[in-house]
Structures are given as structure tokens and as C-alpha cells.
Amino acid sequence: MSTETTTAGGPGGAPGTTVPAKGLRGGILDLGDSVMLGLASTAPVYSLAATLGLIVAVNGNYTPLILLLGFIPVLFIAYAFRELNSAIPDCGTTFTWSRRAFGPWAGWLGGWGVALAGIVVLANLAQVAGQYLWLLIGDGSLAENTVVVTATGVLFIAVMTLVNYRGIRLGEHVQRVLTYVQYTALGVFALAIVVRIVAGAPEGQAFTFEWFNPVGAFADPGAVVHGALLALFIYWGWDTCLAVNEETENPSVTPGRGAVISAFILVTIYVSVALLVMMYATVGSEGIGLGNEANQDDVFLAMRDVVLGPWGWLIVVAVLASVLSSTQTTILPTARGTLSMGVHGALPARFGRVHPKNRTPGFSTQVMGASAIAYYVAMSFLSENLLSDSITAISLFIAFYYALTGFACFWYFRATLRQSARNLWFRGIFPLTGALLLTAAFCVSAVQMWDPAYGDTQIFGIGGAFVSGVLLLALGVVLAVVCRFLPATRGYFTGRQPSPAAATTSG
Numbered sequence: 001m002s003t004e005t006t007t008a009g010g011p012g013g014a015p016g017t018t019v020p021a022k023g024l025r026g027g028i029l030d031l032g033d034s035v036m037l038g039l040a041s042t043a044p045v046y047s048l049a050a051t052l053g054l055i056v057a058v059n060g061n062y063t064p065l066i067l068l069l070g071f072i073p074v075l076f077i078a079y080a081f082r083e084l085n086s087a088i089p090d091c092g093t094t095f096t097w098s099r100r101a102f103g104p105w106a107g108w109l110g111g112w113g114v115a116l117a118g119i120v121v122l123a124n125l126a127q128v129a130g131q132y133l134w135l136l137i138g139d140g141s142l143a144e145n146t147v148v149v150t151a152t153g154v155l156f157i158a159v160m161t162l163v164n165y166r167g168i169r170l171g172e173h174v175q176r177v178l179t180y181v182q183y184t185a186l187g188v189f190a191l192a193i194v195v196r197i198v199a200g201a202p203e204g205q206a207f208t209f210e211w212f213n214p215v216g217a218f219a220d221p222g223a224v225v226h227g228a229l230l231a232l233f234i235y236w237g238w239d240t241c242l243a244v245n246e247e248t249e250n251p252s253v254t255p256g257r258g259a260v261i262s263a264f265i266l267v268t269i270y271v272s273v274a275l276l277v278m279m280y281a282t283v284g285s286e287g288i289g290l291g292n293e294a295n296q297d298d299v300f301l302a303m304r305d306v307v308l309g310p311w312g313w314l315i316v317v318a319v320l321a322s323v324l325s326s327t328q329t330t331i332l333p334t335a336r337g338t339l340s341m342g343v344h345g346a347l348p349a350r351f352g353r354v355h356p357k358n359r360t361p362g363f364s365t366q367v368m369g370a371s372a373i374a375y376y377v378a379m380s381f382l383s384e385n386l387l388s389d390s391i392t393a394i395s396l397f398i399a400f401y402y403a404l405t406g407f408a409c410f411w412y413f414r415a416t417l418r419q420s421a422r423n424l425w426f427r428g429i430f431p432l433t434g435a436l437l438l439t440a441a442f443c444v445s446a447v448q449m450w451d452p453a454y455g456d457t458q459i460f461g462i463g464g465a466f467v468s469g470v471l472l473l474a475l476g477v478v479l480a481v482v483c484r485f486l487p488a489t490r491g492y493f494t495g496r497q498p499s500p501a502a503a504t505t506s507g
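Residues in the sequence shown are numbered from 1 upward in steps of one, following the numbering used here.
Among the hints, a few may not be true.
[What the hints assert, rightly or not] Listed next, with one range per pair, are the computed distances between beta-carbon atoms:
no.: 1; residue 1: ALA474; residue 2: GLY187; range: 42 to 50 angstroms
no.: 2; residue 1: SER420; residue 2: ALA453; range: 45 to 53 angstroms
no.: 3; residue 1: ALA370; residue 2: ALA453; range: 31 to 39 angstroms
[Claimed, not checked] Below are the SDA-like pairs computed for lysine to any residue, each with C-alpha atoms no more than 25 angstroms apart in a straight line:
no.: 4; residue 1: LYS357; residue 2: ILE137
no.: 5; residue 1: LYS357; residue 2: VAL159
no.: 6; residue 1: LYS357; residue 2: PHE102
no.: 7; residue 1: LYS357; residue 2: ILE197
no.: 8; residue 1: LYS357; residue 2: LEU142
no.: 9; residue 1: LYS357; residue 2: TYR183
no.: 10; residue 1: LYS357; residue 2: ALA158
no.: 11; residue 1: LYS357; residue 2: LEU162
no.: 12; residue 1: LYS357; residue 2: LEU170
no.: 13; residue 1: LYS357; residue 2: GLY27
no.: 14; residue 1: LYS357; residue 2: ILE28
no.: 15; residue 1: LYS357; residue 2: THR184
no.: 16; residue 1: LYS357; residue 2: ALA21
no.: 17; residue 1: LYS357; residue 2: GLY476
no.: 18; residue 1: LYS357; residue 2: ARG176
no.: 19; residue 1: LYS357; residue 2: ALA370
no.: 20; residue 1: LYS357; residue 2: GLY26
no.: 21; residue 1: LYS357; residue 2: ASP30
no.: 22; residue 1: LYS357; residue 2: VAL174
no.: 23; residue 1: LYS357; residue 2: VAL367
By construction, these hints were calculated from the structure, which means they are not laboratory data.
Since we're looking at a predicted model, the values are computed, not measured.
Just so it is clear, CB atoms sit at the ideal spot from N, CA and C, and this is done for glycine as well.
With these hints in hand, go ahead and build the complete structure from the sequences.
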């Protein structure tokens, strides 16, 4: 096996680079697989169900516009991912690119941001999966049992960890089934709403272009910012297809193209479904209205019986398939991120080992699954409210590593920006603008979370979401300092290590 895979620079004279071979199964995914992974990772059905009501509570009928505004920085960062991947198709993504642009410390913290977001969101996905499974069984009362739900969630994480451990092709097959299930069920749900609207649902409201009027929306700038931050969460996940770039055909082109395509498909789905749901249920605070606080945890669950009648269980299946799909595709990129960190010496060498038969990051996958389980179990029994607040803090982690990627793109390609208008926009203006917007979102979100009234808990008079978010990010700094002085990893920080070698294999 060669120790390095040499890649040509991206279009427009990108700097040439080398990417260490890691032993992953190359060229097994095509563009369709890449797009599917990008779509599945966002858990679109669950994301809409859990977030739409919250955005409506803040922005009312301007929700479709907020979904579009929240998409802008995401699209700009998607271009940053695409351009960096064209030059450095390494599964470490943000870790590798930030290291190339700003040095080892930025790289390590970027990798921590990716892993942290994955571990925390897995706890949320596991809890939702456990609850929704038991909503389908019997009278649904077991969905309120913490022990049963937690045990079920742990089982789901373990199963999806095993799927990822066994091989990328098995994971891709599982993804196809879960993606077909969730999108078919969502399609049936949307079609049922269309039929009811056409039949003249008396409780609905007619579409108006006023919903897209920025003048009206920005009458309350704070609400726009808050809604856009919520929208950021529902778009997060499309970058999974970049984490499997070394396992994708034409790795310098296909994953980046898949990321941009999946991002555009997502905004189309989100805005379309939001419009249909708003037209049928309205944004009112009564009944199935999206503004009803009782419906904000899951607007689809509140509407299922009214829209689908005896087939209401279909939307529960859709959400369950959505969270299971996202569970698997969340483990996948975080494990490959730590694999790359191991190969480059930022983590102990064991993280950089690939299973000789499965050709997957065996140890890294196991660590990610175990970490998610440990975090979920500890938080579930320590404080469910604190678990909820730590999940709220995910927006900080996402904004952090997305912004870091945007800045890395601008800085890495700075010498090529004057070579063409394309380079100026896609490597300079768009990534930098996206990074600045997300940095602002990070700051605004942190200020909001500081308020003790924000979320479900407060610690020393400060919002629990802020404390848990800052503590978890700070933990990354502590771990980086520890790695700086560990004999196995200090060479990464000092630059006194040999060039990254090919990943070793382990059973």
C-alpha cells in the first residue's frame, strides 16, 4: 500500500498537496450515494418536526423567509467545503483544512468541534428514537419511561455503531432503506395536506408572498436572528458526504458536488413542507396551530391524526427512520475525523487504524459509539433538563467549526483569489462572508444562552445551555494541551514528526 495519495490542486491553481492513504475502501460511493448521505445526515423529517414550531413561535408567518435566510451562510460554507475538498480530499475535513491553513492548534480544535457536535447530537437522536419506537407500540405510555427509553436509545446507538464498523457498503444499504422510508412517509403526509387544502380546509390560510417580505420580517431583527439560528440546526449534517471523500469516486470533485446539491435539495424540501403545513395548520396558538406551545416539540405528531387519520402512525415511522438514519450518519463522519487525527498524529496512533477486513475506522468508530452512549446515559440520569440544554448548545459547536472552515478556505486560497472571478467568489467572498455570519451567530447565540431564563436549567445564575456549551468547548482546549505533552502526540504540535504514514490495520 502506498503511504501517500498525491492529489492535484483544485481548479484555478489551488496549492498542490498530498493526502496520506488510510486504508479505507476507495471509490465505493458515487454522486448519488454522496447526495443521499448528505440528505440523510440532516434527519430532515425529524428536524422539521422538532424545529418548525419553534421558528414559527418567534417569526410567525415569516418562517419560510427565515428558512431561506438561514440557508445563506450554510450555502456559503458548503462552497468552502467544496473548494477545500478539491485541493485536500482528506476525511478529516475541518481538522485537516484548519491545520493546513492556521496550524496544529486550530486543526485540533476544529476536529474537536466536529466530534463534540456529533457526540452531543447522538444523545438527542437516541432519546428521540427510543421515544418514537415506544409511541408505535401499545398505548405509547412506555415513551414516558426514562429507563426504557434510555435503554432503547443505547441499543440504537450500539446497532448503528456496529453497522458503521462492519463496512461503508453495509451502511450505505441501510441508509437507502431508511431514506426511502422517511421520504415516502413525508411525501404521503405532504400529499394528504395538499388534498385537504384543495378540498378547502376551513381552518387553513391562503398563501401570500408577504411571508417572504424582508421588510416585515426585519421589523423585529432579534426575532430574525433567533429564527436563523434555529434554522442553522436543521441544515446541519450535509457535510457528512465530505467525510467519506476518500471512499467516494473522484474524491476531489464528487463529494463537494454532492454537498452543494444536497444543500439545495434540503432548502427546497424545508421551504415547501413549511409552506404546506402553514397553509393547513396556520400559525395560530389553538388546536394544531404551529404557534400552539403544546405542539412545538413536534408539529407533525400534533397533526398526524387530523391529516392522516388511522394512518397517522406513518409520520411517526418517518421521524423514527429519520433519527435512525441520522444516528448512523453522525457516527460515520466523527469516526473518520478522529481516524484522520490519528493518522496525522493529533491523537494516539490507535485512532488511525483501519480494520483490515471491513476497511473502516474500527477503533475510532467504537470510541465514538461508546462516547455517545456514555454521555447519553450520564446526562439522562443526571438531569434530563441539562441534557436538553446541552443539545440546545449544539448550535455553538456547529457555528464554531463551520466558521473555522470558512476562514480556513479564505486563508488557504488567498494567493489564488485574484486569478479569476470564480476564485474570488467561491474561495474568498462566499466562504469569508459565511464564516463572518456564523461567527456573529455564535456570539448572538452565546449571549442569548447566558440568560438564566434561556432553556430548562441555570447554573450559578447563568443559563445551563451556555455553561454546558462553553464547558464542552473548553474541554477541547484542555484535551489539546494534554495531547501537546503526550509523547505519542506532541510531535503533531511541534512539527517534529515524520510525514503521516499509511494507516496501520487492526483486527
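Exercise. Holds or violated: LYS357 with TYR183, Cα cutoff 25 angstroms?
Worked result: violated, 33 angstroms
Problem set entry | Beta-carbon spacing of SER420 to ALA453 - inside the hinted bounds 45 to 53 angstroms or not | Roughly 50 angstroms apart at Cβ, these two residues keep to the hinted range, so it holds.
Exercise. Under the criterion that the straight-line Cα-Cα distance not exceed 25 angstroms, is the pair LYS357, GLY27 satisfied?
Worked result: Measuring from Cα to Cα gives roughly 16 angstroms; hence the hint holds.
Problem set entry | Restraint status (C-alpha distance of LYS357 to LEU162 at most 25 angstroms) | holds, 14 angstroms
For this session: Could you grab the alpha-carbon distance between LYS357 and ILE137 and see if it respects the 25 angstroms cut-off?
Result: Distance of about 38 angstroms is beyond 25 angstroms: violated.
Exercise. For the pair supplied as a hint, LYS357 and LEU142, is the alpha-carbon distance within the 25 angstroms limit?
Worked result: violated, 40 angstroms
Problem set entry | Pairwise hint evaluation, ARG176 against LYS357, where the allowed Cα distance is 25 angstroms at most | Status holds; Cα separation ~23 angstroms.
Exercise. Are the Cα positions of LYS357 and THR184 separated by 25 angstroms at most?
Worked result: Cα-Cα ~34 angstroms, so violated.
Problem set entry | Pairwise hint evaluation, VAL174 against LYS357, where the allowed Cα distance is 25 angstroms at most | Cα-Cα ~19 angstroms, so holds.
Exercise. Are ALA370 and ALA453 spaced within 31 to 39 angstroms by their CB atoms?
Worked result: With Cβ atoms ~35 angstroms apart, the hint holds.
Problem set entry | Agreement of LYS357 and ALA21 with the hint, judged by alpha carbon distance not exceeding 25 angstroms | holds, 16 angstroms
For this session: Would you check the hint for LYS357 and ALA158, treating anything up to 25 angstroms between C-alpha atoms as holding?
Result: holds, 20 angstroms
Hint violations for this structure: numbers 4, 6, 7, 8, 9, 15 and 17, all remaining hints satisfied.
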